[in-house]
Amino acid sequence: MAITSAGIGSGLDIGGLVSQLVAAEGQPALFRLNSKEARLQADLSGVGTLKSALSQFQDSVKALNDLETFQSRRATSSDAELFSVSADTSAVASSYSIEVMQLAESAKLRSGDFSSETEVVGTGTLDISLGADTFQLTIDGTNNTLADVRDAINSASDNPGIQASIINIDSGTRLILTSEKVGSANTIDIVATDDDAIDGFDLTQLSTANLTTIQVAQDAIIEVDGQTATRDSNSFSDVITGVNFTLNKADVGVVETLTVALDSGSVKSKVDDFVTAYNSLADTMKTLSAYDPDSGRAGALQGDSLLRGVQNQIRQTLTSGVAGLDFGTLAEAGVTTNEAGHLEVDSDKLDDVIDNDFTAISQLFASENGLANSLDTILEAYISSGGTLSSRTESIQSRIDLIDDDRSRLNTRLAALEARYTAQFTAMDILVSQLQSLGSALTGQLAGLPKPNSINNN
Numbered sequence: 001m002a003i004t005s006a007g008i009g010s011g012l013d014i015g016g017l018v019s020q021l022v023a024a025e026g027q028p029a030l031f032r033l034n035s036k037e038a039r040l041q042a043d044l045s046g047v048g049t050l051k052s053a054l055s056q057f058q059d060s061v062k063a064l065n066d067l068e069t070f071q072s073r074r075a076t077s078s079d080a081e082l083f084s085v086s087a088d089t090s091a092v093a094s095s096y097s098i099e100v101m102q103l104a105e106s107a108k109l110r111s112g113d114f115s116s117e118t119e120v121v122g123t124g125t126l127d128i129s130l131g132a133d134t135f136q137l138t139i140d141g142t143n144n145t146l147a148d149v150r151d152a153i154n155s156a157s158d159n160p161g162i163q164a165s166i167i168n169i170d171s172g173t174r175l176i177l178t179s180e181k182v183g184s185a186n187t188i189d190i191v192a193t194d195d196d197a198i199d200g201f202d203l204t205q206l207s208t209a210n211l212t213t214i215q216v217a218q219d220a221i222i223e224v225d226g227q228t229a230t231r232d233s234n235s236f237s238d239v240i241t242g243v244n245f246t247l248n249k250a251d252v253g254v255v256e257t258l259t260v261a262l263d264s265g266s267v268k269s270k271v272d273d274f275v276t277a278y279n280s281l282a283d284t285m286k287t288l289s290a291y292d293p294d295s296g297r298a299g300a301l302q303g304d305s306l307l308r309g310v311q312n313q314i315r316q317t318l319t320s321g322v323a324g325l326d327f328g329t330l331a332e333a334g335v336t337t338n339e340a341g342h343l344e345v346d347s348d349k350l351d352d353v354i355d356n357d358f359t360a361i362s363q364l365f366a367s368e369n370g371l372a373n374s375l376d377t378i379l380e381a382y383i384s385s386g387g388t389l390s391s392r393t394e395s396i397q398s399r400i401d402l403i404d405d406d407r408s409r410l411n412t413r414l415a416a417l418e419a420r421y422t423a424q425f426t427a428m429d430i431l432v433s434q435l436q437s438l439g440s441a442l443t444g445q446l447a448g449l450p451k452p453n454s455i456n457n458n
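When you line the sequence shown up against this note's numbering, it's residues 1 to 458, in that order.
Worth flagging that the hints you see were computed from the coordinates, not collected in a lab. Check the hints yourself; a few may be wrong.
[Said to hold, decoys possible] Taking lysine-lysine and the DSBU-like style, the derived pairs with C-alpha atoms no more than 30 Å apart in a straight line are:
1) K36 - K268
2) K286 - K36
3) K51 - K249
4) K249 - K62
5) K349 - K268
6) K36 - K270
7) K270 - K181
8) K270 - K249
9) K349 - K62
10) K62 - K51
11) K108 - K181
12) K181 - K268
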């Protein structure tokens, strides 16, 4: 531990003097280590920034490196209030006349009037069916009110999908039974067996024969180009291959149009995203490689061969196009490079290519030797977990770790130097103190000797 008080003999600030000597010895080496680490940290940050920009660009590349992107279909309804549609890649571009004749509906029944939901309805069994599925309820003295029956239906573990509710209207209280499933096969049927008709209550009043139909279970019916298609749901995808229907309202006699077409808007959007992502990457690489001669400031990867390498590979791929295709360059698709090195899109030309030569643009991007596949291969080599940038990151981090080791060894050496200087100056101070004590003693002895004049007088 450094001595911070003044020396007892010399009066010197030994601690301060030692600190200055140690600092003079260690600061140049520490400055070199810190400067080297700062440069490496800047490199590490630059590599991370480059990797992030390349990864974002790769996302836009992958979106175009898939033939399904260029096979996507868009389905539209001329009246979405009647029916809405979507399409997958198996749909054929065409148009159809659609008439929604009938919506699929669920069965709905009601009981006769009761005085209240607490009225006893009788005892016995209720065999309740929804289509082909049946469950049985036992009604006894513990659950024989209208409300009890409602609750028993709703809580039955084997209930196939019937909801019971109670409404109170002017004429009385009624039990409502509703199927959760639509379609003509999902009818509701109840067979009631009363245990003891002589008790004044008759459970058979809940039999189907004594219930009133509010809504008949029915299938959906549409006509496609005048041809009838019946389905047990309002959502289906097996009438026209690749087209998903959702029926919203029936309107007999009203014929609307379903149109299936190539989804050119989706493709154009992905090309626009690709251009935007590339321009962002180009800006990032320009910043990383920049040098300002006036200020002397340089980008984190200025002069770095790795940055130049990936930059040149991407540019070469974009400008060289795809061999073997009549339509093989971005420029032919309306995507060109401006003076600033950015890509820009001629929207009219791109629209024309998409509308009139859809296969060609799909081959340009998504064929085996297409631009997207070539770019994805380049990018993957740089940003994958075992890629070039990961190796560079590991190398830089390893060098930073070595600097930490060097700094630790330097601190150990400086601590030893501090201890040696402290010991030396302390020993010197003790010697000075001893000499001072000896001097004081000699001075006292000399002061006690007779003066020369006093000897002569005697």
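Quiz item: Honestly, which of those hints from before does the structure not fit?
Solution: Per hint list: 1, 3, 4, 6, 7, 8, 12 violated.
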